[in-house]
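Taking the hints into account, I'd like the entire structure generated from these sequences.
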Amino acid sequence: MSTYEVTHLKTGEKVTRQSILLNPHYKPEGQAASQHHIDPKVEDFHRQLPAYGETKLHSLPSIASELGFAHVFLKDESSRFGLPSFKILGASWAIHRALCQRLEIDASKTLDSVKQALASRKQSDPTPSVRLVTCSEGNWGRAVARMAKYYDIPATIYVPGFMNEYTRDLIRGEGSNIDLRVLNGSYDDTIAAVQHEAETDASALMVMDTSWSGYEEIPGWVTEGYSTLMAEVDRQVADHTNGQQMPVLAVASVGVGSWAHSVVSHYHSNVSNKVVTVEPVAAPSLKESLHCGEITPIKTGDTIMNGMNCGTTSTIAWPVLRDVTVNDLESHDCVYELRHDYVGVNAGPCGAATLVALRKLCADEDAVGSEDRKKMVVVLFSTEGRREYTLPAGA
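Numbering-wise, the sequence shown is residues 118 to 512 according to my numbering.
Since the hints were derived computationally from the structure, they do not count as laboratory data. Among these hints, one or two may not hold up.
No farther apart than 16 Å at their CA atoms in a straight line, the calculated lysine to aspartate or glutamate pairs in the EDC-like style are these [said to hold, decoys possible]:
| hint | residue 1 | residue 2 |
| --- | --- | --- |
| 1 | Lys-127 | Asp-306 |
| 2 | Lys-173 | Asp-351 |
| 3 | Lys-158 | Asp-286 |
| 4 | Lys-226 | Glu-160 |
| 5 | Lys-416 | Asp-305 |
| 6 | Lys-416 | Glu-183 |
| 7 | Lys-477 | Glu-183 |
| 8 | Lys-158 | Asp-242 |
| 9 | Lys-266 | Asp-229 |
Here it is, written out as structure tokens:
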């Protein structure tokens, strides 16, 4: 099994880890009794957004045959409401709930009703009463910017210096009301800047997809927002398998962890299901926290998997089953494989990383036994479409 080295941010301690970890803190007892509930109000809200529509679930029969699974599917989030990522599902619902809370109106109000309420306030007082503030490595920031445009309110988005100019321009391109601020530092540095804004400006509405002690309500709404995607997958898998009930192995990428939390919450209502998370070796923050038994910030490096380059895990993203690390070349190779072997599959590095993780997992018989695979459905969540990136060494 391959290994990598990780450095703890606070102490500077360097540790060598193997690429696969079975979560020692996972407790399946009682999971089946706690059925996960999908609130239909979330999907009803999403239907109001422009360009609404379900994203594709691709069947990958040759990979299923190669690895011995009954089915392997890839959920393709390369075009969600006109954006190349699923992030707007969480951003839109969380921002809607947060604006309703700020405006002191019922959360059942429509998107247009909230927009009208904001416009009425602007007429009585031209000084912005609400300004969205967040940080991002790409797709989250663009999703927040898109929602700011829908609601016609300003947004300030902090981004780390390693973000390329192409991605910065995509965020800026969402509208003249977007204030993009580039910080020379890590993603964690941009979180600190957002926190300072929220503490010092009454108009700032902090909308983050990561949580910490005292800030969990809005990230919780982000997680709820992703339930629309989970409901779609359930329907699509049922259609592909003629309603046959089989255990699911779900493979999801990890950044700060709110997306992984949504996947875990959904699938762990059935103890036969398994959830695997994947991180880049440049930023295995969740996996290191699982090793240490507590949230453990780490130093991050450069990676083509930008959306997964986070050094501190969200406090709500803890109970995953297994975590697998992958490197840039492995991810790039699977981007190429999916592009050329499967017509219509559009996966970027973060999405292709799930296929790398699945193959690594299957190389370990103790992780997922060959007999178990024969009656199991795999869902690979490809969370972004193809985009520009610097080719890794060896590509």
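| task | List in ascending order the numbers of the hints, as given earlier, that are violated by the structure. | result | 3, 6 and 8
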